[in-house]
Amino acid sequence: MKIQKKVRDFISENTSFIFTAPAVLWQILFLYVPLLLVVYTSLQRFSGAKFFDLTLSHYAALINTAYFYIIARSAFIAACVTFFCLICAYPVAYFLALRVNPRWKNSLLFLLTLPFWTNFLIQIYSWVFVLDQNGLVNTVLLKAGIIQEPLHLLNNIYAIFLVMIYYYLPFMMMPLYSILEKVQHDVLEASMDLGATHWQTFRRITVPLSMSGVKTGIFLVFVPAFGEFAIPSIIGGGQQMFVGSLVSHYFLVARDDQLGAAFTIISGLVLLTCALLFNWLCKVPLQEEQKEVAS
Amino acid sequence: MKSFSSYVMPILVAAFYLFLYIPIFVLVVFSFNNNAYTHSWVGFTTSWYTDLFASTEVWYALKNSLVIASASVVLSLTLGSTLIFFGSRSVVRRLLLVFYGSLAMPEIVLAVGLLSLFSFFSISLGTITLIVGHTLLGLGYVIPILYGRFVELDVNLIEASYDLGATQRQTFFNIVLPLLAPALVAAGLLVFIISLDDFIISFFCAGASVQTLPLYIFAVIRTGASPMINALSTVMLIVSSFLVLLFSFVQVKKIRGHK
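From first to last, the protein sequence lines stand for chains A and B. Read in numbering that gives the first Met the number 0, the first sequence has 252 at position 253, and its numbers run on one by one without any break. Read in numbering that gives the first Met the number 0, the second sequence has 83 at position 84, and its numbers run on one by one without any break.
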């Protein structure tokens, strides 16, 4: 009886702690501890080695231009995908948020979100039917007499690039739309009343107001695109190695956890550097503009 | 500029929607194609749909996916809502950063980490490890959504509940949970869909014993797909569009009800 009372007292005295701890523990145990374990694995000499038998040899093995190219290729394609997504999504988000006839707005938004809720492998796979030798593009071009031989559109980097843009467009679209939706018509009208042209209003009012959405969109696309591995393996035929494909190769096929962990850490650090650099680049023009306004 | 926005913009937007829907349209059309081997049109058939509903593998994978998704929803909503309610606001605000961690890295890093954890402690991969991974993924969405809604709640309602003699537990179940209901539904649906759709964490943490729907689809696509996958995609497309419609309908109704 005494113990029960003690337990009850303990619970009532520490309710806040007892009920907040599980979620935090979950996050620590399954996110942060694993990350430390990856660091540890990358230093381990081999699987099952003694606990303190540590080495930097796996990192040394990664100092090789081949690995450098893989990381650079992933970063480059992720940057290009992000850029094209931004260019394609911005006008559409702008149109849907500020210009469209309200009667059409909800149906257009519904059509926009639908592919986003579709299984992601299915979205990727559907492109096989478009780009295949007997696919839609080749059939149309052959029938129109533009080409005589079917083109090889699959299994190359352009196909990967195109499908990645397709898949990541909604990730750019959502933050852009939600920030542009908040831009008030009064502000735009005020700008026009004061004699600005449409283009000036867009350039000086709409774009600066939407910058935070642009930034979110860039992060939402670039980070997962950098680690992408399903698209290269389905559309690219697994011919070109990307960060994601190499990581999964080490862990699931080659079973070389140590080298895989070291490669994951290095790629992660490259990604972190890219993110910090981008953040810094965003701040510089902002500060200059503020100075301009102040003077 | 006037002419630009009134003519060029709609054309651009139409092209954008065409780009979005052409692959899906082709995929659906070819689910009726009477040819298992090439991607050229031969004739109309519904036999892939018959195959689909007769396939035991698909239903087994779907069952696994649904079990994992439901468990992840329940777990992440429970963990999330207790954290939001019982933690003091200043603490929770600072803790938010801890939960953004899983959103800020590529999913493959989470997957590698989880795999290392499970192999370090020699935990065998299976349904449980998938639930753990998907709950982790879900918490990253649940906590910001619930916190955003909880901060908007009228504090007076909670204080009134205490003043009238309710215990903390009564207040949680009778006052806070009903008020959080829309956010709980939205967050739950999001986690459910993310879990059903998840490929990367599942690919690393499923092991050989469990097959989820995305893993099944991936395996079939890799080994030369049959049009049954198109039929499956079409069915999934119809189900998800129905769900999205239902969801937006419920929300619209709720907003009208408030007015």
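Please note: incorrect hints may appear among the correct ones.
[As the list claims (entries may be wrong)] Computed footprint of chain B on chain A, listed as stretches where at least three residues anywhere in the stretch have a Cβ under 8 Å from a Cβ of chain B:
#1 139-146
#2 186-194
[Claimed, not checked] Ranges between beta-carbon positions, derived for each pair:
#3 Ala60(A) x Leu242(B): 31 to 37 Å
#4 Thr55(B) x Val206(A): 34 to 40 Å
#5 Pro177(B) x Glu12(A): 48 to 54 Å
#6 Arg93(B) x Pro207(A): 49 to 55 Å
#7 Phe172(B) x Leu53(A): 49 to 55 Å
#8 Tyr58(A) x Pro177(B): 35 to 41 Å
#9 Val97(B) x Lys1(A): 36 to 42 Å
#10 Ser5(B) x Ile62(A): 53 to 59 Å
#11 Tyr68(A) x Leu242(B): 40 to 46 Å
The hints are simulated quantities; they were obtained by calculation from the structure and are not laboratory data. All figures in this text were calculated on a predicted structure; none of them were measured in a lab. Quick reminder that beta carbons are idealized off the backbone N, C-alpha and C, glycines included.
Hint check results:
1. For the region 139-146 of chain A, the stated coverage by chain B is not satisfied: 0 residues place a CB nearer than 8 Å to a CB of that chain, which falls below the threshold of 3.
2. Residue count for the region 186-194 of chain A with a Cβ under 8 Å from a Cβ of chain B: 0. That is fewer than the three needed, and the coverage hint is violated.
3. At about 48 Å, the CB distance of Ala60(A) to Leu242(B) disagrees with the hint of 31 to 37 Å.
4. In this structure the supplied range 34 to 40 Å is violated for Thr55(B) paired with Val206(A), their Cβ-Cβ distance being about 55 Å.
5. In this structure, Pro177(B) and Glu12(A) break the distance hint of 48 to 54 Å, their C-beta atoms being roughly 28 Å apart.
6. The given range of 49 to 55 Å is broken by Arg93(B) and Pro207(A), whose C-beta atoms sit roughly 31 Å from each other.
7. A beta carbon spacing of about 51 Å between Phe172(B) and Leu53(A) agrees with the range 49 to 55 Å that was offered as a hint.
8. Between Tyr58(A) and Pro177(B) the beta carbons are some 54 Å apart, a value that contradicts the proposed interval 35 to 41 Å.
9. Separation of Val97(B) from Lys1(A) is about 37 Å and conforms to the stated range, judged on CB atoms against 36 to 42 Å.
10. At about 58 Å, the beta-carbon gap between Ser5(B) and Ile62(A) stays in the expected band of 53 to 59 Å.
11. One distance hint, 40 to 46 Å for the beta-carbon pair Tyr68(A) and Leu242(B), holds here, with the actual separation near 43 Å.
The structure fails to meet hints 1, 2, 3, 4, 5, 6 and 8 from the earlier list, while all remaining hints are met.
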